[in-house]
Amino acid sequence: MTIKTILLIEDDLFIGEMYSRSLSHEGYQVKLVKDGSEGLKEALTGTYDLILLDVMLPEKRGTEILRALRGDGDKVPNSRIVVLTNFEQDEESKMAMQSKADGYLIKADITPRRLLEIIKSFEV
Amino acid sequence: MAVKISDFYNKYTSEVVAAVMLTEVFLTSIAGVVAWILWQYSGLDPLSAFTYSLVFLMVIHVVATPIIVNIAARPLKVLWQAIARVSNDSTLTQPPNINLPQYEKNGLKALVQTIYDLAVQSEQAEQGSAADGRPALFQALVESVPVGIIALNDKADVVYANTLSPTHKNSGDSVVIELNFEKTDSLDTWLASCQNKLRDTHTWHRVANKLPGEEGRRIFDVVGYYRKRGEAGIEIILVTIDRTSEYAPQEEDMDFIALAAHELRGPITVIRGYLELLGQDLHDITPDQQQLIDRLQVSSERLSGYINNILNVSRYDRNHLKLHLQEERAYDIIASLIPDLALRAKTQNRKLTFHVADTLPTIAADRSSLSEVISNLIDNAIKYSKDGGEVVVSAAAKDKFVELTVQDFGMGMPGSVVGNLFNKFYRSHRSRQTVSGTGLGLYICKAIVESHGGTIWVRSVEGEGTTFGFTVPIYSTVADKLAADNNGNQAIIDSKEGWIKNHAMFRR
Chain A
1 MTIKTILLIE
11 DDLFIGEMYS
21 RSLSHEGYQV
31 KLVKDGSEGL
41 KEALTGTYDL
51 ILLDVMLPEK
61 RGTEILRALR
71 GDGDKVPNSR
81 IVVLTNFEQD
91 EESKMAMQSK
101 ADGYLIKADI
111 TPRRLLEIIK
121 SFEV
Chain B
125 MAVKISDFYN
135 KYTSEVVAAV
145 MLTEVFLTSI
155 AGVVAWILWQ
165 YSGLDPLSAF
175 TYSLVFLMVI
185 HVVATPIIVN
195 IAARPLKVLW
205 QAIARVSNDS
215 TLTQPPNINL
225 PQYEKNGLKA
235 LVQTIYDLAV
245 QSEQAEQGSA
255 ADGRPALFQA
265 LVESVPVGII
275 ALNDKADVVY
285 ANTLSPTHKN
295 SGDSVVIELN
305 FEKTDSLDTW
315 LASCQNKLRD
325 THTWHRVANK
335 LPGEEGRRIF
345 DVVGYYRKRG
355 EAGIEIILVT
365 IDRTSEYAPQ
375 EEDMDFIALA
385 AHELRGPITV
395 IRGYLELLGQ
405 DLHDITPDQQ
415 QLIDRLQVSS
425 ERLSGYINNI
435 LNVSRYDRNH
445 LKLHLQEERA
455 YDIIASLIPD
465 LALRAKTQNR
475 KLTFHVADTL
485 PTIAADRSSL
495 SEVISNLIDN
505 AIKYSKDGGE
515 VVVSAAAKDK
525 FVELTVQDFG
535 MGMPGSVVGN
545 LFNKFYRSHR
555 SRQTVSGTGL
565 GLYICKAIVE
575 SHGGTIWVRS
585 VEGEGTTFGF
595 TVPIYSTVAD
605 KLAADNNGNQ
615 AIIDSKEGWI
625 KNHAMFRR
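Residue numbers (the numbering used here), protein chains in the order written: chain A, 1 to 124; chain B, 125 to 632.
Since the hints were derived computationally from the structure, they do not count as laboratory data.
Here the structure is a predicted model, which is why all the values come from computation and not from measurement.
Glycine included, C-beta positions come from ideal geometry on N, C-alpha and C.
Just to be clear, a hint being listed does not mean it is correct.
What the hints assert, rightly or not - Computed cross-link-like contacts, DSBU-like style, restricted to lysine-lysine with a CA-CA straight-line distance of at most 35 angstroms:
| # | chain 1 | residue 1 | chain 2 | residue 2 |
| --- | --- | --- | --- | --- |
| 1 | B | Lys352 | A | Lys75 |
| 2 | B | Lys279 | B | Lys307 |
| 3 | A | Lys60 | A | Lys4 |
| 4 | A | Lys4 | A | Lys31 |
| 5 | B | Lys229 | B | Lys307 |
| 6 | B | Lys352 | B | Lys321 |
| 7 | B | Lys334 | A | Lys100 |
| 8 | A | Lys100 | B | Lys293 |
| 9 | B | Lys229 | A | Lys94 |
| 10 | A | Lys34 | B | Lys334 |
| 11 | B | Lys510 | A | Lys94 |
| 12 | B | Lys293 | A | Lys60 |
| 13 | B | Lys475 | A | Lys94 |
| 14 | A | Lys75 | B | Lys334 |
| 15 | B | Lys293 | B | Lys334 |
| 16 | A | Lys94 | B | Lys135 |
Claimed, not checked - Residues of chain A clear of chain B, computed beta-carbon distances all greater than 10 angstroms:
| # | residue |
| --- | --- |
| 17 | Thr2 |
| 18 | Tyr19 |
| 19 | Gln29 |
| 20 | Val30 |
| 21 | Lys41 |
| 22 | Thr45 |
| 23 | Ala68 |
| 24 | Arg80 |
| 25 | Glu88 |
| 26 | Asp90 |
| 27 | Met95 |
| 28 | Ala108 |
| 29 | Asp109 |
| 30 | Thr111 |
| 31 | Pro112 |
| 32 | Arg113 |
What the hints assert, rightly or not - If you anchor each label on the Cβ, the simulated ranges turn out as follows:
| # | chain 1 | residue 1 | chain 2 | residue 2 | range |
| --- | --- | --- | --- | --- | --- |
| 33 | A | Glu123 | B | Lys524 | 56 to 66 angstroms |
| 34 | A | Lys31 | B | Glu267 | 52 to 62 angstroms |
| 35 | B | Ser298 | A | Pro77 | 36 to 46 angstroms |
| 36 | A | Lys31 | B | Gly403 | 41 to 51 angstroms |
| 37 | B | Leu265 | A | Pro77 | 23 to 33 angstroms |
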């Protein structure tokens with residue numbers, strides 16, 4: 001699949017702008033949303049090829065957003081979802097998210113370049 | 125007055141005797157009349173007339189006997205119909221009519237009613253269905269034991285669950301089990317493994333009904349009993365033991381550490397990310413400036429590694445280290461680490477050499493954990509070797525294991541240090557002064573290696589250098605054990621003695 005549009009749900013301004021900058025630089029169309037409720041609303045429009053989802057978010061946590069999108073049937077079949085978090089979840093929550101998402105990454109363990117490589121691997 | 129069933133036999137035989145006697149008297153009287161008429165009016169002598177009347181008597185007996193027997197056997201027919209009916213004999217469609225006055229009088233009605241009552245009682249006992257569904261004693265028993273009990277049939281549908289069991293009824297009124305099993309060790313995977321068995325038992329630890337943070341979360345130990353074609357259609361019984369009071373406080377500790385790690389990781393993400401972006405944006409920088417950026421990058425990477433170490437230790441300390449071992453090639457694992465490690469070696473001016481053949485037998489490994497061990501050992505070797513020194517990474521097959529060694533030619537360590545190396549937070553006096561670190565790395569390495577069923581060792585000579593080595597089992601030697609445990613490492617750990625079983629890290 002080709003990835004052109006990316007929804008980035010991230011409340012940390014520095015991190016959000018960092019990814020947004022690096023992804024835009026590569027030619028992706030990035031929409032940055034800073035809270036969970038708005039993020040879910042935006043995701044449900046189904047117009048994004050990729051959703052980068054944080055876990056610790058105001059309004060609605062990433063776990064809830066993922067459950068709303070993929071818990072009971074896939075509401076966004078045209079979007080890939082990658083969980084991007086610094087929160088060390090317990091094994092169960094982590095596995096619950098991993099089973100629903102297409103990727104699960106610890107932000108502190110990767111750099112923007114590594115994220116780009118992972119996104120490109122979806123396009124193969 | 126109601127007729128008792130004990131009166132039936134006497135009443136019935138009296139009736140039959142009376143009926144037979146009356147019939148005999150009647151028939152004999154007719155035969156007598158016939159003999160008299162023949163003697164008086166047909167001119168026969170008395171003996172002939174008597175003989176003819178005897179023949180006549182025999183003929184009417186031939187006709188009358190079946191009729192009499194039929195009438196006398198009617199109650200027997202009713203009993204036969206009643207018994208056939210309660211035994212579900214499909215050849216009889218009509219129930220017997222027991223409402224005739226004579227049946228009421230002779231007790232037959234009461235007798236048939238008793239048969240019906242007994243049949244209903246036995247059916248209820250079979251289905252266990254009294255007014256509330258189950259006999260009171262059974263109900264009281266399963267509700268008063270302090271565990272959850274869930275019974276499932278051969279289709280894994282819940283046929284019974286007591287109040288304490290983690291279950292709820294869904295909208296379709298069927299009972300749903302609320303247990304979040306691990307994907308690789310779920311109820312389904314166990315049931316699949318039971319397909320070819322007659323009986324089996326399986327135990328799960330720390331199975332919760334809800335995710336952390338959700339209301340009403342309880343944590344259970346669960347024991348499953350499987351019996352093919354068990355009694356009353358029950359094939360599986362799950363017993364759940366609520367261990368929330370024991371497990372929950374440990375979760376709260378973890379919550380704090382997880383939160384702290386989250387707060388620390390945020391700034392590190394930003395530092396690492398912006399350093400990389402900065403590096404890409406900067407052009408025409410001097411090698412000196414490049415070295416500064418490289419050092420910043422390596423340090424921020426290390427910081428993120430430390431936080432992962434702290435999280436791992438806290439997880440290992442409070443719980444058994446669970447790994448999922450797959451068939452892997454040592455060569456592939458090392459090859460994937462080379463770019464990162466080479467950068468670290470280059471920034472500290474060390475030469476990194478690998479002697480790892482891609483023809484080694486495959487190993488049973490948890491890839492990310494084993495990568496952590498290898499990175500950690502190589503990192504240490506880089507730290508403790510001399511400027512411009514060499515670090516040699518080799519691998520070789522040894523008996524049932526593949527052994528991997530990391531050798532440096534640095535300062536080496538005295539025996540007193542070597543003996544404590546794998547203790548938590550241990551740092552030698554000298555390394556405190558010269559090299560940064562938490563003293564957790566080797567402790568974690570040991571935990572990971574031994575959780576693979578291998579051993580870790582160190583050999584050091586002061587002034588000459590140090591070699592760390594560890595073994596992991598060759599895949600083919602443990603494939604059976606792994607298959608029996610859904611690729612979990614439990615069977616491998618259980619078969620080992622000593623430290624791994626006694627160490628606090630592995631106590632539940």
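A quick look at each hint next to the structure:
no.: 1; hint: Lys352(B) <-> Lys75(A); verdict: violated, 40 angstroms
no.: 2; hint: Lys279(B) <-> Lys307(B); verdict: holds, 20 angstroms
no.: 3; hint: Lys60(A) <-> Lys4(A); verdict: holds, 26 angstroms
no.: 4; hint: Lys4(A) <-> Lys31(A); verdict: holds, 11 angstroms
no.: 5; hint: Lys229(B) <-> Lys307(B); verdict: violated, 71 angstroms
no.: 6; hint: Lys352(B) <-> Lys321(B); verdict: holds, 7 angstroms
no.: 7; hint: Lys334(B) <-> Lys100(A); verdict: holds, 17 angstroms
no.: 8; hint: Lys100(A) <-> Lys293(B); verdict: holds, 25 angstroms
no.: 9; hint: Lys229(B) <-> Lys94(A); verdict: violated, 79 angstroms
no.: 10; hint: Lys34(A) <-> Lys334(B); verdict: holds, 28 angstroms
no.: 11; hint: Lys510(B) <-> Lys94(A); verdict: violated, 42 angstroms
no.: 12; hint: Lys293(B) <-> Lys60(A); verdict: holds, 28 angstroms
no.: 13; hint: Lys475(B) <-> Lys94(A); verdict: violated, 38 angstroms
no.: 14; hint: Lys75(A) <-> Lys334(B); verdict: holds, 23 angstroms
no.: 15; hint: Lys293(B) <-> Lys334(B); verdict: holds, 16 angstroms
no.: 16; hint: Lys94(A) <-> Lys135(B); verdict: violated, 82 angstroms
no.: 17; hint: Thr2; verdict: holds, 24 angstroms
no.: 18; hint: Tyr19; verdict: violated, 8 angstroms
no.: 19; hint: Gln29; verdict: holds, 19 angstroms
no.: 20; hint: Val30; verdict: holds, 15 angstroms
no.: 21; hint: Lys41; verdict: holds, 23 angstroms
no.: 22; hint: Thr45; verdict: holds, 27 angstroms
no.: 23; hint: Ala68; verdict: holds, 15 angstroms
no.: 24; hint: Arg80; verdict: holds, 21 angstroms
no.: 25; hint: Glu88; verdict: violated, 4 angstroms
no.: 26; hint: Asp90; verdict: violated, 5 angstroms
no.: 27; hint: Met95; verdict: violated, 6 angstroms
no.: 28; hint: Ala108; verdict: violated, 4 angstroms
no.: 29; hint: Asp109; verdict: violated, 6 angstroms
no.: 30; hint: Thr111; verdict: violated, 4 angstroms
no.: 31; hint: Pro112; verdict: violated, 5 angstroms
no.: 32; hint: Arg113; verdict: violated, 6 angstroms
no.: 33; hint: Glu123(A) <-> Lys524(B): 56 to 66 angstroms; verdict: violated, 43 angstroms
no.: 34; hint: Lys31(A) <-> Glu267(B): 52 to 62 angstroms; verdict: holds, 55 angstroms
no.: 35; hint: Ser298(B) <-> Pro77(A): 36 to 46 angstroms; verdict: violated, 29 angstroms
no.: 36; hint: Lys31(A) <-> Gly403(B): 41 to 51 angstroms; verdict: violated, 27 angstroms
no.: 37; hint: Leu265(B) <-> Pro77(A): 23 to 33 angstroms; verdict: violated, 50 angstroms
Against the hints set out earlier in the document, violations occur for numbers 1, 5, 9, 11, 13, 16, 18, 25, 26, 27, 28, 29, 30, 31, 32, 33, 35, 36 and 37.
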